[in-house]
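Quick mapping for you: the protein sequence lines, in order, are chains D and Y. So the first sequence is numbered by the working numbering: it starts at 64 and just counts up by one. So the second sequence is numbered by the working numbering: it starts at 34 and just counts up by one.
Worth flagging that the hints you see were computed from the coordinates, not collected in a lab. Glycine included, each C-beta is placed from N, C-alpha and C at the ideal position. Check the hints yourself; a few may be wrong.
To be verified - In silico DSS-like cross-links for lysine-lysine, where the CA-CA straight-line distance does not exceed 27 Å: (1) Y:K152 x Y:K183; (2) Y:K152 x D:K492; (3) Y:K152 x D:K375; (4) Y:K139 x Y:K183; (5) Y:K189 x Y:K171; (6) D:K375 x Y:K70; (7) D:K310 x Y:K70; (8) D:K375 x Y:K146; (9) Y:K183 x D:K310.
As the list claims (entries may be wrong) - Using C-beta positions, here's what the derived DEER-type ranges look like: (10) Y:N277 x D:A308: 32 to 42 Å; (11) Y:E176 x D:A308: 35 to 45 Å; (12) D:K310 x Y:T116: 18 to 28 Å; (13) Y:P91 x D:R92: 44 to 54 Å; (14) Y:K70 x D:N311: 12 to 22 Å; (15) Y:E176 x D:M393: 25 to 35 Å; (16) D:V481 x Y:K70: 45 to 55 Å.
Residues per chain, in single letters:
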Amino acid sequence: MTEMAVDATTGAPAAAPTDRLRKRYAAERRFRLYGLGAVILGLAFLVALFTSIVSAGYGAFVQNAIKLDVTFSADTIDPSGERKPDVLVGADYTAVARAALRSALEVGSDRQLRRDAYALLSKGADVQLRDMVLSDPSIVGTTRPVWLWASGNVDAIMKDDSQRQIPEANRQLNDRQLGWLDQLKEQGRLATQFNSVLFTSGASSDPELSGIGVAAIGSLYMMLIVLLTALPVGVAAAIYLEEFAPKNRWTDLIEVNINNLAAVPSIVFGLLGLAIFIGFMQMPRSAPLVGGLVLALMTLPVIIIATRAAVKAVPPSIREAALGVGASHMQTVTHHVLPLALPGILTGTIIGMARALGETAPLLLIGMVAFVVEYPSTPLDPATALPVQVYLWAGAPERGFVERTSAAIIVLLAFLIVMNALAVFLRRKFERRW
Amino acid sequence: MTDMRTATAAASAPPLSMTDAVPKIRGRGVGVFYGAKQALFDVDLDIMRNQVTALIGPSGCGKSTFLRCINRMNDVIDVCRVTGEILLDDENIYDPKVDVVQLRAKVGMVFQKPNPFPKSIYENVAYGPRIHGLARTKEELDEIVQSSLKRAGLIKEVHDRLDQPGTGLSGGQQQRLCIARAIAVSPEVILMDEPCSALDPIATATIEELIDELRQNFTIVIVTHSMQQAARVSQRTAFFHLGNIVEVGDTEQIFTNPREERTQAYITGRFG
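All chains should be built: construct the whole structure from the sequences, respecting the hints.
This is how it looks when you write it as structure tokens:
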């Protein structure tokens with residue numbers, strides 16, 4: 064208004080206000096474009112990330128296998144004919160697998176040829192055959208077609224033809240082996256199959272035999288421990304601080320420190336866990352129990368902050384209503400405030416746990432970076448975690464681990480997306496309006 | 034306005050005169066401090082049994098503060114401190130022996146903004162009786178809920194949807210639900226903090242009629258900004274200004290023949 068008046072007194076042209084209007088519109092439009100640009104840039108990075116990981120990792124969900132007519136020779140496996148389990152376990156299945164391979168490739172007794180042929184099969188072929196015999200001992204003495212996993216080198220070269228261009232001397236497989244592969248392929252004896260090993264197996268130095276099974280179980284144990292410890296402690300602490308604690312310098316100090324705790328680098332929590340749980344309390348190393356407790360400490364401030372925010376967001380009118388009909392403070396909290404704060408608490412907890420699921424650094428310090436082949440039967444047994452498995456595979460030199468690393472990342476991301484979607488779903492479902 | 038007043042008066046018991054009124058609540062030297070700031074100064078006020086007492090005055094005069102002292106709602110505020118004594122049937126409610134929860138069961142409250150719980154209509158009314166153990170069986174509880182809704186004049190509108198959320202009702206219905214919730218625990222006193230300030234005139238008229246009926250069984254204290262409302266529903270009126278009681282007396286007398294000049298000025302709209 065005053066500016067208009069000034070315009071009138073100075074006799075400025077009537078176009079001045081339209082100029083200003085145009086400038087204001089332009090500024091608004093520019094601002095919207097900046098915002099849109101920022102969103103698009105962020106999305107582009109996300110898409111690039113996902114494409115690179117998925118394109119590198121999708122191959123790992125299938126794996127090459129060779130179909131061989133395996134003769135489960137009774138002479139090799141169990142000459143006594145008693146089919147005792149301890150004899151069947153100890154038998155030389157490698158010899159059975161190799162015999163089948165030799166007959167398929169028509170390899171004679173030349174040792175170099177034999178060695179080349181054997182390199183096509185995975186070292187885990189004997190375990191596959193052993194498991195078949197143990198589950199059904201009656202197959203001993205028969206011949207039947209079996210898909211056996213190919214070695215990591217075969218798998219890598221079959222998935223990536225460009226490797227064939229590498230000069231023979233620098234290649235993992237020589238020309239003769241490639242010839243065999245082409246021959247097997249033509250006969251339909253070499254094909255890709257769904258890679259169940261990736262999900263069920265533990266650590267192995269052979270890429271085709273390694274999987275995320277142990278890591279997934281370790282992560283599951285840790286998430287359970289985080290949920291069982293951090294959620295009750297965090298919610299109780301938050302409700303006490305928000306509802307019952309006197310507001311004085313001490314509670315202010317506690318509040319500031321909880322906020323600080325949420326920003327402490329995770330590796331510091333690892334050091335703390337190492338010193339207290341392993342050093343002082345003598346808990347076992349590499350155990351999901353210790354990992355879970357460390358991650359619980361890390362998640363605790365997140366849950367406390369989320370719960371306090373959710374409790375604070377419950378309108379005071381609901382509290383007054385409950386107090387007004389004669390509910391005690393405790394009844395008001397448990398009957399009215401907590402149910403209304405629940406969606407916020409759940410969201411905070413799930414997001415905190417998703418963060419804990421992806422955490423690597425503190426686990427390295429408490430020894431969860433181990434080479435674990437066996438499934439942990441309790442949270443006290445050694446195990447690894449999904450992100451640690453990614454870290455371990457990323458450092459391995461074999462070609463086959465490259466795509467397995469990306470595959471493990473895909474699985475981890477899938478878990479994170481599911482958890483975050485669950486958080487959104489729960490918030491929508493339990494959200495109440497008043 | 035006058036029409037309404039005669040209508041409601043005709044529908045209920047004739048107004049009690051000052052002489053046969055018995056004090057239910059006696060405030061003696063009530064002072065309230067919020068931290069260092071004093072909000073109420075040495076207030077003496079008697080509230081008569083089975084009457085509606087209106088507390089009027091400009092914003093910030095301490096009328097709501099006094100109201101919230103009567104059921105110790107101010108206890109929730111950390112920095113709030115109350116001095117003096119408030120006697121409910123000769124018992125000082127600020128005595129350390131008094132249990133706040135029991136007190137609030139005896140002194141119910143209806144708030145400015147309708148604040149039903151985000152639960153079903155039935156649950157809203159049943160909550161109070163349930164936490165105080167007033168009903169032993171489901172049938173008794175049903176009976177309490179039905180009669181409370183009936184006395185709050187809501188039963189006809191909601192009898193077929195007791196399981197619907199209370200927040201789905203209209204503003205006036207929500208406020209009557211809050212009144213039903215308050216009377217479900219059979220209080221002796223009902224405090225109302227501007228119960229109609231968020232409602233339209235028709236809903237307000239319904240609530241005012243209800244207040245007039247309720248006074249046969251309850252002692253009612255109502256804070257209101259509307260002079261007309263105070264005149265319509267109350268038998269006694271107390272005028273607060275700057276944390277002091279300026280004048281208290283029969284509503285008839287306050288509005289027709291105030292003793293104090295400030296009262297005169299306020300009710301005629303010269304300040305406030």
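Going through the hints against the structure:
At most 27 Å may separate the alpha-carbon atoms for a hinted pair to count; Y:K152 and Y:K183 meet this at roughly 19 Å. Among the hinted pairs, Y:K152 with D:K492 is consistent with the structure: their alpha-carbon atoms are about 15 Å apart, no more than 27 Å. Taking the CA atoms of Y:K152 and D:K375, the gap is about 20 Å. The hint holds against a cut of 27 Å. Distance check on the hinted pair: Y:K139 and Y:K183 sit about 20 Å apart at the alpha-carbon level, within 27 Å; holds.
A C-alpha spacing of about 22 Å is found between Y:K189 and Y:K171, which places the hinted pair at or below 27 Å, so the restraint holds. Proposed proximity of D:K375 and Y:K70 is supported: the alpha carbons are some 26 Å apart, at most 27 Å. Of the pairs offered as hints, the one joining D:K310 and Y:K70 holds, with about 19 Å between alpha carbons and a cut-off of 27 Å not exceeded. Note on D:K375 and Y:K146: the hinted pairing holds, with a Cα-Cα distance of about 19 Å set against a maximum of 27 Å.
A distance of roughly 43 Å separates the Cα atoms of Y:K183 and D:K310; the hinted pair therefore is violated under the 27 Å criterion. The hint said 32 to 42 Å for the Cβ distance between Y:N277 and D:A308, and at roughly 36 Å that hint holds. The hint said 35 to 45 Å for the Cβ distance between Y:E176 and D:A308, and at roughly 41 Å that hint holds. Between D:K310 and Y:T116 the Cβ separation comes to about 22 Å, which falls inside the hinted range of 18 to 28 Å.
Distance hint check: the CB atoms of Y:P91 and D:R92 are about 49 Å apart, consistent with the given range 44 to 54 Å. With their beta carbons about 19 Å apart, Y:K70 and D:N311 fall inside the hinted range of 12 to 22 Å. Here the CB-CB span from Y:E176 to D:M393 is close to 28 Å, well matched to the stated 25 to 35 Å. Checked against the hint of 45 to 55 Å, the pair D:V481 and Y:K70 passes, with Cβ atoms roughly 53 Å apart.
When the structure is compared with the earlier hints, a violation turns up for hint 9 alone.
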